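*Asks:* Listed below, chain by chain, are the residues.
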Amino acid sequence: MIKTLLGEIREYKHDTLMTPVYTALEVVMEVLIPYVTAWIIDRGINAGNLEAVVLYGGLMLIMAFLSLYFGTQAGKYAASAATGFAKNVRDDMYKKIQTYSFSNIDKYSTAGLVTRMTTDVTNLQNAFQMIIRIAVRPPLMLVSSVVMCFVISPDLSTIFLVAVAVLGVALALIMTHAMPAFSQVFSRYDDLNASVQENISGIRVVKAFVREDYENEKFKKAAGNLKNLFVKAESLVALNNPSMMLVVYGCIISLSWFGAQHVVAGSITTGNLTSMFSYVMSILVSLMMLSMVFVMITISSAAIKRVTEVLNEEPDMKNPENPVTEVEDGSIDFDHVNFSYRSGDGDYVLKDINLHIDSGQTIGILGPTGSGKSTLVALISRLYDATEGSVKVGGRDVREYDMQALRDQVSVVLQNNVLFSGSILDNLRWGKEDATEEECIEACRLACADEFIEQMPDKYNTHIEQGGTNVSGGQRQRLCIARALMKKPKVLILDDSTSAVDTATDAKIRQAFREKIPGTTKLIISQRISSIEDADKIIVLYRGAVSGFDTSEKLLETNDLYRQVYETQVNGGGDFDRQD
Amino acid sequence: MSEQKPQKRKMNFSVLKRILGYIFRYYKWHFLLVIACILITALCTIQSTLFTRTLIDEYITPLLSASSPDFAPLAARLMKLAAILLLGVVTSYSYNRIMVTVSQGTMEHLRCDLFTHMESLPIKYFDTHSHGDIMSVYTNDIDTLRQLIGQSIPQIVNSAATICTTFVSMVIMNIPLTIISLCMIGVMLKTSGNLGAKSREYFIRQQKDLGSVNGYIEEMLSGQKVVKVFNHEAKAIEEFEQRNHALRESASNANKYANIMMPVMGNLGNISYVLCAVIGAWLALSGGFGLTLGTLVSFLSLNKSFSMPVTQISQQIASIIGAMAGAERVFEVMDEESEYDEGYVELVNVKEDEEGNLTETTEKTDLWAWRHPHQAEGTVTYQKLQGKLNFYDVDFSYDGKKMVLHDIDIDAEPGQKIAFVGSTGAGKTTITNLINRFYDIADGKIRYDDININKIRKPALRKSLGMVLQDTHLFTGTVMDNIRYGRLDATDEECMEAAMLARADSFIRRLPEGYNTMLKGDGGNLSQGQRQLLAIARCAVADPPAMILDEATSSIDSRTERIVQAGMDALMKGRTTFVIAHRLSTVRNSDCIMVLEQGRIIERGSHDELIAKKGRYYQLYTGNAIAE
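Line by line, the protein sequences give chains L and F.
Per my numbering, the first sequence runs over residues 262 to 841.
Per my numbering, the second sequence runs over residues 464 to 1091.
Careful, some of the hints might be misleading.
[Unchecked claim] A few chain L residues facing chain F, derived, Cβ under 8 Å:
#: 1; residue: V282
#: 2; residue: A285
#: 3; residue: M378
#: 4; residue: N384
#: 5; residue: E473
#: 6; residue: D658
#: 7; residue: A773
[Said to hold, decoys possible] Each computed DSS-like pair below joins lysine-lysine, with the alpha-carbon atoms no more than 27 Å apart:
#: 8; chain 1: L; residue 1: K357; chain 2: F; residue 2: K983
#: 9; chain 1: F; residue 1: K851; chain 2: L; residue 2: K720
#: 10; chain 1: F; residue 1: K851; chain 2: F; residue 2: K921
#: 11; chain 1: L; residue 1: K357; chain 2: F; residue 2: K698
#: 12; chain 1: L; residue 1: K479; chain 2: F; residue 2: K921
#: 13; chain 1: F; residue 1: K698; chain 2: L; residue 2: K356
#: 14; chain 1: F; residue 1: K983; chain 2: L; residue 2: K481
#: 15; chain 1: F; residue 1: K983; chain 2: L; residue 2: K368
[Said to hold, decoys possible] Output of the computed footprint for chain L on chain F, the stretches with three or more beta carbons under 8 Å from beta carbons of chain L:
#: 16; segment: 482-495
#: 17; segment: 513-524
#: 18; segment: 553-563
#: 19; segment: 839-850
Please keep in mind that the hints were generated in silico from the structure rather than gathered at the bench.
Since the model is a prediction, treat every value here as computed from it, not as a measurement.
A virtual CB, placed ideally from N, CA and C, is assigned to each residue, including glycine.
Please build the complete structure, drawing on both the sequences and the hints.
*Replies:* Written out as structure tokens, the structure is:
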């Protein structure tokens, strides 16, 4: 986990290294300064020598400025290294997510990924900065302070050694108990936030059922539990400060006792004794920092886990060794295809599908909710891999193609289609990056989107809001179809993509398809008989199996399911929503 | 990126006051105890600092000149000091531990108050604020408060106490040196102020860049499948890198200024130390102000403990500013006006005797009544709930400017089924949102059983109306829990009956754990159709006197819809129902069909009447039927 993250430092290695180097220099200065103050006291004040005071004072000033310089350098490098590290992590996460297959994407929620890439990475950045900047400080400070003490008086220094050992054990004990408590806290915290999220998006349901009090009670209970866990974890951390004080005070008292005897015996000077008191303070401060670093690491360990999870997720679909980049034609074959979203659980969404579709045919797909319609077409452009059996396009197994080439030539309009913020042209050019405006208009004519776009004030330059919220559902669907047409695909798949388009326009779109792109194989999933009735053949799916595959007339004779749907819809069926 | 003007964020003291108010409301004594403990701890700490002087002046110097040093008095004195310091350790632990309770307790109260208040906000609030934004109040903003209450506040109290005690001791020891120290503190404060301002400027820019990165990720990832289908990955990465790079720039600068705060402050402290040492030595040597050697040495360590808390506070400033901004956002939500409920008419279950007298009962009967309290006489009267609903010339606007509904008149007799048809955006959903008062009308009147709906308490009104909404939302919990959401005291059997009525039973039984299957993430593991069936079952178990079905069956295929329809018909029997549907089969058997266009009812009548009229409905109907 940590190794993955260390690999993200890359071009910021220099900055990352310089930080502790400068910090170390700064620490050296900080450690030497009390030594000089001892000289000020002993050789200046005690000796009644003002010149010495000024001399050593000047020396100390120089050291203070050096320390200032080193400190600011360290701070600068630390900021650059930490934010650079965070940038790399975000970049890599984003790039990694782009390699995810559909089944990888299904695993994460958008909100979850956004949190991982922002809040979690920010936590990592802070922890990283803290570590390179501060983590080297306390141990260095500790060691050099102890060394200085040894220089002054080896005898008295044993006091520090004992103290540091005692404190180290105490801190280790506290932290080993606090860490698991904290990770428990953070997982509970996520749950609480998830329930808030639910309440925000489902607020209408809450209000419609007058469940405000019920939700409040639920939340109070969860918040109370969270609090108790937090208190448990933080109570342990609250021991940090007092135990450090205890040790430091112990040092002061023993130092006073033994120090006084040493001074009287003449083995050290008064100034030296005062410096040693300063070192006690330095040691105290560095230990406090050390424990803060521990807390920080604990808090960020959850973030580390969540970030590396994204980075280490293996995309479960790979390009073949020698990929084929040209799709011969638009013929499609399903050969004994079984499919399950979770491989190995035997819960098949598609069961033994065998189909042959000729290039250029128009195929309708009909079936009840959950019968596997979307899954069936998703296999054609290799959004998912068949669990068993083989799916062929243009006579070749889809797994032999370069994925990008396949998806360029098999164009899908997904059920939950999305437009992105940007102009209409920007959105259309997703289908073909270098498309001219004429090409875009042509695609829109085919999809019957041209008529409403022309009525907009900025026409093709009209800005689309995020998610396409400023156009109606039917308009959005037509834009999505146009975008898919931009690829000039060999196979076009519409997954319930005209549900919000009125029937007359729907018919016009299909007519345009027939006349303008006769060579393209068209697969149309629809709940509306009228949208698929005139198809060359209709696939009727029921519970993951093909229940009928024939023309509408034949199916009316042979397929009960089809006949039932047909009768309900044609005798008083159809759609009311008319989109403008 | 446009150059941003430096924005200075001043500390908002009213926010701070409010946070302290929170602490005081629930933890007054705890907090006072904490302050007392901090003071005692600070006093004990100063004892240890001052002891250096005592040690040198009163013990070491005399001992040095004594021919036979007697260490016994020193030992006694050290014992006394040990006792005092031990007390300091105890009080230090006490305040650290109590502060955990105070900060976490306050956080709990804040969270609960925030949540409770949020639940009381009108729907309009949720329409006008992005969900991500509201969410970030719970995650990012509340978290900054945790740090403020748990760390910054005690730290400041502690530092302030240290500064005060140190200052007093310094004044007692030597006034000129104190003045020098004070001057240096002034310099330190000024410097930290300047650095802080610089850092804040970049922090604000960083937040803005973070927002831009956040928005981009959110948009692209929610359309990630489209990105894949269009092979748009490389382009998406390129654009992301640009934004990410800008974020790094501002973050790096912001952190740089925050980072150099510590060395700058620490070394200003050193300079202050040197100044005091030199001037102190000169004073001591010239015998001015009675400065002894021991006093000077002690003063120098006081000088250190004087600048340390100032450095610490200046380091806290960044997080305090952040916390204030967070707190402001938390309180902003809390200050939003709650849904206003001026109603007084209640909905109750009643029993009816032979003479038609109604008596209120707590048991569940099939009979509902409106309870009118008459305050003047102190009596109550009951009126049977029938389900009659009338709109009189209702106008409505979401924003007070653009009217979305005009002159809506509707007469729904008890038990009737009223259907709304029309294009998206014609105002169908809006009308139903007015009935249950998700929004309040601009003009006109809505009466329910001839009672102005404004007089009915909102919970009573909403309980009387079962709703199946356009977007289905489910909650984390089992399938059973989700159905029971409709009526909390429903038994398992009643929930299953409701599921059967909604024809949800058969798919539920096929789930891995049947009714006990856990749903997570808004029922993400169910298909859209299955979720809607559950929503219908949830409404069925509530058994409401009237119902609103908003395109409840739009995502169910026609065959499943027909099955559901049969169940729905049984459910609708005897209840006034408003249906928004876009399928003819759903609408045909309605008692009255309203055709809406651009916020107006342009046609109304039964199916046959409207067909005979050969107007808009006829067009829509035949247009659909003869589309091929």
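*Asks:* Next step is simple, just say for each hint if it's right about the structure.
*Replies:* Verification of the supplied hints:
The interface hint given for V282 (chain L) is violated, since its Cβ lies 15 Å from the closest Cβ of chain F, which is over the 8 Å cut-off. Interface hint status for A285 (chain L): violated, as the beta-carbon distance to the closest one in chain F is roughly 13 Å, over 8 Å. Taking 8 Å as the C-beta contact cut-off toward chain F, the hint placing M378 (chain L) at the interface holds, the least distance being around 5 Å. For N384 (chain L), the shortest C-beta to C-beta distance to chain F is roughly 10 Å, which exceeds 8 Å, and the interface hint is violated.
For the restraint placing E473 (chain L) at the interface with chain F, the shortest Cβ-Cβ distance is roughly 4 Å, inside the 8 Å limit, so the hint holds. With a cut of 8 Å, the hint placing D658 (chain L) at the interface with chain F is violated, because the nearest CB-to-CB distance is about 20 Å. At its closest, the beta carbon of A773 (chain L) sits 15 Å from a beta carbon of chain F; the interface hint therefore is violated under the 8 Å criterion. For the given pair, K357 (chain L) sits about 25 Å from K983 (chain F) by alpha-carbon distance, which is consistent with the 27 Å threshold.
Note on K851 (chain F) and K720 (chain L): the hinted pairing is violated, with a Cα-Cα distance of about 47 Å set against a maximum of 27 Å. Our distance criterion of 27 Å between C-alpha atoms is met by K851 (chain F) and K921 (chain F), whose separation comes to about 17 Å. A C-alpha spacing of about 14 Å is found between K357 (chain L) and K698 (chain F), which places the hinted pair at or below 27 Å, so the restraint holds. Restraint check for K479 (chain L) and K921 (chain F): satisfied, since their Cα atoms lie roughly 21 Å apart, inside the 27 Å limit.
Between K698 (chain F) and K356 (chain L), the direct Cα distance comes to roughly 11 Å. Compliance with the 27 Å bound is thereby established for this hinted pair. For the hint linking K983 (chain F) to K481 (chain L), the alpha-carbon distance of about 20 Å falls within 27 Å, and the restraint holds. For a cut-off of 27 Å, the pair hint linking K983 (chain F) to K368 (chain L) stands: about 12 Å separates their Cα positions. For the segment 482-495 of chain F, the stated coverage by chain L is violated: 0 residues have a C-beta nearer than 8 Å to a C-beta of that chain, whereas at least 3 were required.
Given as covered by chain L, the segment 513-524 of chain F passes the check, having 6 residues with a CB less than 8 Å from a CB of that chain where 3 are the minimum. Residues of the segment 553-563 of chain F with a Cβ under 8 Å from some Cβ of chain L number 7, which satisfies the need for three, so the listed coverage holds. Counting residues of the segment 839-850 of chain F whose beta-carbon sits less than 8 Å from any beta-carbon of chain L gives 0, not enough to reach three: the coverage restraint is violated.
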